[in-house]
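Trainee: Letter by letter, the chains look like this.
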Amino acid sequence: MTEVQLDLTVNGRRHRLSVPAHYSLLDVLRDELELTGTKTNCLEAECGVCTVVLDGKSVASCAVLAAQCQGREVTTVEGLAEGAALHPLQEAFVEFGAVQCGYCIPGMIMTAKAFLDENPRPTREAVREAIAGTLCRCTGYQKIVDAIMAASQRLSQQGERA
Amino acid sequence: MKLEFLAPQTLQDAVTMAKARGDAARFIAGGTDLVIQARKSGTWPEAVINLQQIPDLGEIKGSGQNFSLGSLVTHRQIEREGRFAGALEALRESACVIGGHQVRNVATVGGNLCNASPAADMVPILLCLNAEVALAGSEGRRVVPLASFIEGPRKTKRAHDEVMTEIAFSAPAQKFASAFLKGGRRRAMEISIVAMAGVVSVSRDGKLTDVRLAMGAAGPKAIRLTEVEKFLEGKALSKDVLEETGRLAAAAASPIDDVRASASFRRHLAGVYARRVVELSWNRISEVGNDRSAA
Ligand SMILES: Cc1cc2nc3c(=O)[nH]c(=O)nc-3n(C[C@H](O)[C@H](O)[C@H](O)COP(=O)(O)OP(=O)(O)OC[C@H]3O[C@@H](n4cnc5c(N)ncnc54)[C@H](O)[C@@H]3O)c2cc1C
Numbered sequence: 001m002t003e004v005q006l007d008l009t010v011n012g013r014r015h016r017l018s019v020p021a022h023y024s025l026l027d028v029l030r031d032e033l034e035l036t037g038t039k040t041n042c043l044e045a046e047c048g049v050c051t052v053v054l055d056g057k058s059v060a061s062c063a064v065l066a067a068q069c070q071g072r073e074v075t076t077v078e079g080l081a082e083g084a085a086l087h088p089l090q091e092a093f094v095e096f097g098a099v100q101c102g103y104c105i106p107g108m109i110m111t112a113k114a115f116l117d118e119n120p121r122p123t124r125e126a127v128r129e130a131i132a133g134t135l136c137r138c139t140g141y142q143k144i145v146d147a148i149m150a151a152s153q154r155l156s157q158q159g160e161r162a
Numbered sequence: 163m164k165l166e167f168l169a170p171q172t173l174q175d176a177v178t179m180a181k182a183r184g185d186a187a188r189f190i191a192g193g194t195d196l197v198i199q200a201r202k203s204g205t206w207p208e209a210v211i212n213l214q215q216i217p218d219l220g221e222i223k224g225s226g227q228n229f230s231l232g233s234l235v236t237h238r239q240i241e242r243e244g245r246f247a248g249a250l251e252a253l254r255e256s257a258c259v260i261g262g263h264q265v266r267n268v269a270t271v272g273g274n275l276c277n278a279s280p281a282a283d284m285v286p287i288l289l290c291l292n293a294e295v296a297l298a299g300s301e302g303r304r305v306v307p308l309a310s311f312i313e314g315p316r317k318t319k320r321a322h323d324e325v326m327t328e329i330a331f332s333a334p335a336q337k338f339a340s341a342f343l344k345g346g347r348r349r350a351m352e353i354s355i356v357a358m359a360g361v362v363s364v365s366r367d368g369k370l371t372d373v374r375l376a377m378g379a380a381g382p383k384a385i386r387l388t389e390v391e392k393f394l395e396g397k398a399l400s401k402d403v404l405e406e407t408g409r410l411a412a413a414a415a416s417p418i419d420d421v422r423a424s425a426s427f428r429r430h431l432a433g434v435y436a437r438r439v440v441e442l443s444w445n446r447i448s449e450v451g452n453d454r455s456a457a
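Chain order of the listed sequences is L and B. Residue 1 is where the first sequence starts when you use this note's numbering, and the numbers rise one by one after that. Residue 163 is where the second sequence starts when you use this note's numbering, and the numbers rise one by one after that.
For reference, chain L alone in the conformation it holds in the complex (with noise of 0.2 Å):
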């Protein structure tokens, strides 16, 4: 009874999975499902690179046990894009520059498309108060706050017209 039985629908599929009841979010993505696009850096929830959104919000998918994810969604960085058509806020950090080593970019994306989702007009302000938990050491963020910005711009765009 140590292992856990898990039905995840992670980026619209269904999974149904048996996992070690101590496995993280984390350890399932990356070491069940495949999907290492989500990476592993501090394993504390203080660097933010792990952030996936579950149920519509951001978490650090470190600190959040795969078993208290049951009947739950998952979107991970891979589900974003639509085909060969990157996501609006993808496209922006690629324009704008916004990606140096790249480690943290998952996380960064996935934490701006979960504050997006709720904020679709945010301050520069707001954009750098939601990202104070998701760490880059590369860039300055100067560069990601203009890309979250412009992909703002772009989605209620898209909303509009929709």
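The reader is advised that the hints may include incorrect statements.
[As the list claims (entries may be wrong)] Label pairs and their calculated CB-CB ranges:
hint : chain 1 : residue 1 : chain 2 : residue 2 : range
1    : B       : K392      : L       : R137      : 42 to 52 Å
2    : L       : E82       : B       : S448      : 50 to 60 Å
3    : L       : D55       : B       : T172      : 17 to 27 Å
[Unchecked claim] Covered stretches of chain L, as calculated for chain B (at least 3 residues, CB under 8 Å):
hint : region
4    : 21–27
5    : 110–117
[To be verified] Derived DSSO-like pairs (lysine-lysine); straight-line CA-CA distance at most 30 Å:
hint : chain 1 : residue 1 : chain 2 : residue 2
6    : B       : K223      : L       : K57
7    : B       : K392      : B       : K317
8    : B       : K181      : B       : K202
9    : L       : K39       : B       : K164
10   : L       : K57       : B       : K202
11   : L       : K39       : B       : K202
Since the hints were made in silico from the structure, they are not lab data. For every residue, glycine included, the Cβ atom is placed at its ideal position computed from N, Cα and C.
Following the hints, complete the assembly by docking chain B with the ligand onto the known chain L.
Mentor: Frame of chain L, contents of chain B with the ligand only:
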């Protein structure tokens, strides 16, 4: 490692499971303290009992003066709670500095109180509001003042089979305002080296009354600064009064030296934050819309 994961659907089942397992089992809410401590120390409990599927523990209830926070209410919920905008702003200010969005989206107020870190940021303001916590266990239900619930670093009055169900408080009856400030080495993602919460009211003749101040991270547990509160009762705010406030608050601190700050710096900050919190909440009084006497 043979961790077992138990998923009760009712409060009663959670209590029964905890009673049957004894000390080897721990409740888990958001897991932001439990999972990370277990992984870091390499020692997991034999079982964790998930509280997240128990109905009714995740709501903020109340209006006007009387409120209750379900133990599974997240810091994110508190930070965004419209009913706490204005006079009870310090609740939102305390919640919104706990980790980043990723932590606040899952970490709960019940977990913050039960974990009983001396630096737990929700404790000072809840002490100011004379909060009481409700516990449900195999011996029944009881209500304990938060001030006596937390006994020391990571030590509480909770028996191992007791689930904290809610945290209840009443706001002051007269017009009041509140404030919370915390000091760390940087502005985000920082464990408090001193945390200060205050609730103040002002009498008709413009004097401070019913002042409540509580300080966290500057001793083994967060405490009300009763000496400072007594001193401020009936005073008008002035430079001298603020100075004495700082002196008394620093004297009440019993801080430790650790990697985050020296004891003497913590003591200094205790004085500074006590002054600022009193001044800030006094200034806010004119802005808050809770003047029942004027209605
Ligand atoms: C990166 C990071 C930053 C953080 N920053 C801060 C900060 O700035 N300020 C701060 O105060 N804290 C901070 N924390 C600590 C933590 O997030 C909070 O203490 C949080 O509120 C704990 O809630 P939880 O639901 O995650 O608790 P859990 O980890 O689930 O539980 C904590 C403890 O309480 C017990 N417990 C939980 N709920 C109940 C209940 N209802 N009844 C009985 N027992 C219960 C558990 O058995 C466990 O022992 C931080 C944590 C991380 C990882």
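Trainee: Give a verdict on every hint.
Mentor: Tested hints:
no.	hint	verdict
1	B:K392 <-> L:R137: 42 to 52 Å	holds (49 Å)
2	L:E82 <-> B:S448: 50 to 60 Å	holds (52 Å)
3	L:D55 <-> B:T172: 17 to 27 Å	holds (22 Å)
4	21–27	holds (count 3)
5	110–117	holds (count 3)
6	B:K223 <-> L:K57	holds (22 Å)
7	B:K392 <-> B:K317	holds (28 Å)
8	B:K181 <-> B:K202	holds (27 Å)
9	L:K39 <-> B:K164	holds (26 Å)
10	L:K57 <-> B:K202	holds (25 Å)
11	L:K39 <-> B:K202	holds (19 Å)
In summary, the structure agrees with every hint in the numbered list given earlier.
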